[in-house]
Amino acid sequence: MNENELNSTSYNRRDFIRGGSMATMMALMGGVDLFAQTNAAAPGGAPKPGIKVKVAVIGLGAWGRDILKTLVRLPIAEVVAICDKYAPSVKKASADAPAAEQVEDYKKILENKEIKAVVISTPTHLHKDLVIEALKAGKHVYCEAPMANTVEDARAIAAAAKDAPHLAFQPGLQLRSDPQRHFLVPFIRSGALGPWVMARAQSNKKQAWRTSSPKPEREKELNWRLESEFSLGLVGELGCQQLDQAAWFLNAKPRAVEGSGNICVWKEDGRDVADTVQATIHYSNGVFLTYSATLGNSFDGDYEVFYGRDSAVMLRGSNAWLFKEVDSPLLGWEVYTKKETFYKETGIVLKAGASKSADQGASGIPEEPFTNTPLSYALGNFLRNAFDIATAADDFKSSFGDDDKEALKDHLMKVRRQPAAGYQEGLLATITAIKAAEAVRTGKRVEIPAELFTV
Amino acid sequence: MKRKTLIAAQIIAALAMTLPLGAAEKLGAKPGSKMRLEGTSNIHDWQVEGKLIGGYLEVDENFPLEPGKEAKPGKVVVKGEIFVPIRSMSSLEKDGRPYSTKMDDIMYEKLLETTNKRITFYPTELVLKEAAKDKTSPYVYDAKGNLAVAGVTNEVSFAVNVVPQGGDDRKIKISGTTSVKMSAFKIEAPAPKIAMGMIKTGDDVKLIFDWVIGPPKKTAQ
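Line by line, the protein sequences are chains S and U. Residue 0 is where the first sequence starts when you use numbering that gives the first Met the number 0, and the numbers rise one by one after that. Residue 0 is where the second sequence starts when you use numbering that gives the first Met the number 0, and the numbers rise one by one after that.
Please keep in mind that the hints were generated in silico from the structure rather than gathered at the bench. Quick caveat, the model's predicted, so the values are computed rather than measured. Each residue gets a CB set at the ideal place from its N, CA and C atoms; glycine is no exception. Treat each hint with caution, since some may be false.
[Unchecked claim] Capping the alpha-carbon separation at 25 Å, the derived lysine-lysine pairs in BS3-like fashion look like this:
hint, chain 1, residue 1, chain 2, residue 2
1, S, Lys161, S, Lys404
2, U, Lys199, S, Lys396
3, U, Lys170, S, Lys396
4, S, Lys408, U, Lys199
5, S, Lys404, U, Lys93
6, U, Lys25, S, Lys413
7, U, Lys33, S, Lys396
8, S, Lys266, S, Lys252
9, U, Lys93, U, Lys170
[To be verified] Here are some chain U residues the structure puts well away from chain S; computed CB gaps all over 10 Å:
hint, residue
10, Ile52
11, Gly54
12, Arg86
13, Ser89
14, Asp103
15, Glu154
16, Lys170
17, Val179
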């Protein structure tokens, strides 16, 4: 994701409606869902057959194994090594990648010249050294989000990524690669909702967030998320994705956060991380997001809502609906689209790639329905970007040699990228998560100086 | 006797084309180049662009290395290899915005990129057509050579404008336009299926290029 896109304010209602003209025509013919037409903004989807990137996964906890399961299903991924310092975890994960080398020392991964990319899914506080060493070793790096649990570490990671333009660096902000979100961003930023009122995000679960192990020292390692020394808690470790999405959709940076948290349910297991939290994030454009999360009650699960004066958009996973106020101006296309009822409200379905009419898109190139998970798109886009950047660097060197580092850097900055978060978005989301966690922990308002977001 | 002289002259000329050039200058590729392909289809025109043109050009003393230099009429003895990495090219909207990664992938596939990673031009002849009128206007040459695309090589010829830029780095910009047929290179015209019928891509493709070259950088003593 380049800075231009991060700061883009070029979307307007007319552009969005023009983009949807074919959808409107198809809707008139038979009544179909709205869909994402332009694939210029959409992720690359299935990579070209024949492209393979040799990749290793470092960190094989529960999330690391989910990543591995997703990677082995991607045609572009060739998982050649899996790594965790805890041998039984490596063995357990090997069931999903039986051909991958099983490694306990990550340095072996970094020394292996055949491995071009690494996915780092260790506990948050262990990311920094791994990322910096991996970039130094010439590996493309996908680092799970949040990138770090301290401002210093987050900035060090971002600086290292900035200094390595010849490598793909992607924080695990998977929603930034989701076609459904890319479909929604122009609409939400177009002003079609009216002036901003507020935003809301929630993540409710009924679970301990604890993993058991027969060995006490291993159990302590596994449950790092329950110790505030290492963990950013619910608002940081879970909420990082939703906080990032809010900044992206609102096209604004956070400037302060207030919060509070309690251990309401899981009081007996010695944790010092709250199991129920609330935070209010104030953005530079005057809008605020209220975030809440609990491990004590699962009612209403996960969702986000963006409220404007005229309409609200609710997202649940990869589904989205538009709810209009009775006095909201008619946009035109919404009359013909699919609608769903929620209690007393009617939501207009906003869904990318949901219809055969997508085959009539501006490019004339058929789009497959967007049915994969955001994680799958994020990892696929990471590997495709890694491949394209490496190819562009090789092409440049074969054309002009490698004396002119600035010209090479300039060339690489122009390489077409699949939608993915970069170090800037990673830094923004991680700083927000760190400051929100601090507000929840202390119960105090925490200011976020703008200079923290630049490296 | 005359016949023997003629044969000898022909042998010398042929050797001149293959042996290292006398008083030759080897010019290498520099950043700042652009290669653009333009084509048609039955739904809209398409365009593809890349910023990398690599390779080298060896020329004799008749080639203008400096602005305003006198150029003798006739042939310039030339040797070289000029290439465009296929993956450095990508599709664009008419206004220059990126178009489609899928379109790029179709293009790479049709150009057999996995086995032929470059489009390469091997120049064989450069004949002065029009000398530069002043220091900023171009020298016009007729260029001839072999163009290799997707594993098929064809002889092509086209006019090029040569503009020496002068200055410390003595860059030279060579620009030109030519048309080729995809079928001449056994490239199957892309025809992706869509629900309402078939997109048919035109056989003719226009190549437009600006190639920037220059002598090697002088190393510090």
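Each hint tested on the structure:
{"no.": "1", "hint": "S:Lys161 / S:Lys404", "in the structure": "holds, 14 Å"}
{"no.": "2", "hint": "U:Lys199 / S:Lys396", "in the structure": "violated, 36 Å"}
{"no.": "3", "hint": "U:Lys170 / S:Lys396", "in the structure": "holds, 19 Å"}
{"no.": "4", "hint": "S:Lys408 / U:Lys199", "in the structure": "violated, 38 Å"}
{"no.": "5", "hint": "S:Lys404 / U:Lys93", "in the structure": "violated, 31 Å"}
{"no.": "6", "hint": "U:Lys25 / S:Lys413", "in the structure": "violated, 29 Å"}
{"no.": "7", "hint": "U:Lys33 / S:Lys396", "in the structure": "holds, 16 Å"}
{"no.": "8", "hint": "S:Lys266 / S:Lys252", "in the structure": "violated, 35 Å"}
{"no.": "9", "hint": "U:Lys93 / U:Lys170", "in the structure": "violated, 30 Å"}
{"no.": "10", "hint": "Ile52", "in the structure": "violated, 7 Å"}
{"no.": "11", "hint": "Gly54", "in the structure": "violated, 7 Å"}
{"no.": "12", "hint": "Arg86", "in the structure": "violated, 5 Å"}
{"no.": "13", "hint": "Ser89", "in the structure": "violated, 5 Å"}
{"no.": "14", "hint": "Asp103", "in the structure": "violated, 8 Å"}
{"no.": "15", "hint": "Glu154", "in the structure": "holds, 24 Å"}
{"no.": "16", "hint": "Lys170", "in the structure": "holds, 12 Å"}
{"no.": "17", "hint": "Val179", "in the structure": "holds, 22 Å"}
Comparing the model with each earlier hint shows violations of hints 2, 4, 5, 6, 8, 9, 10, 11, 12, 13, 14; every other hint is respected.
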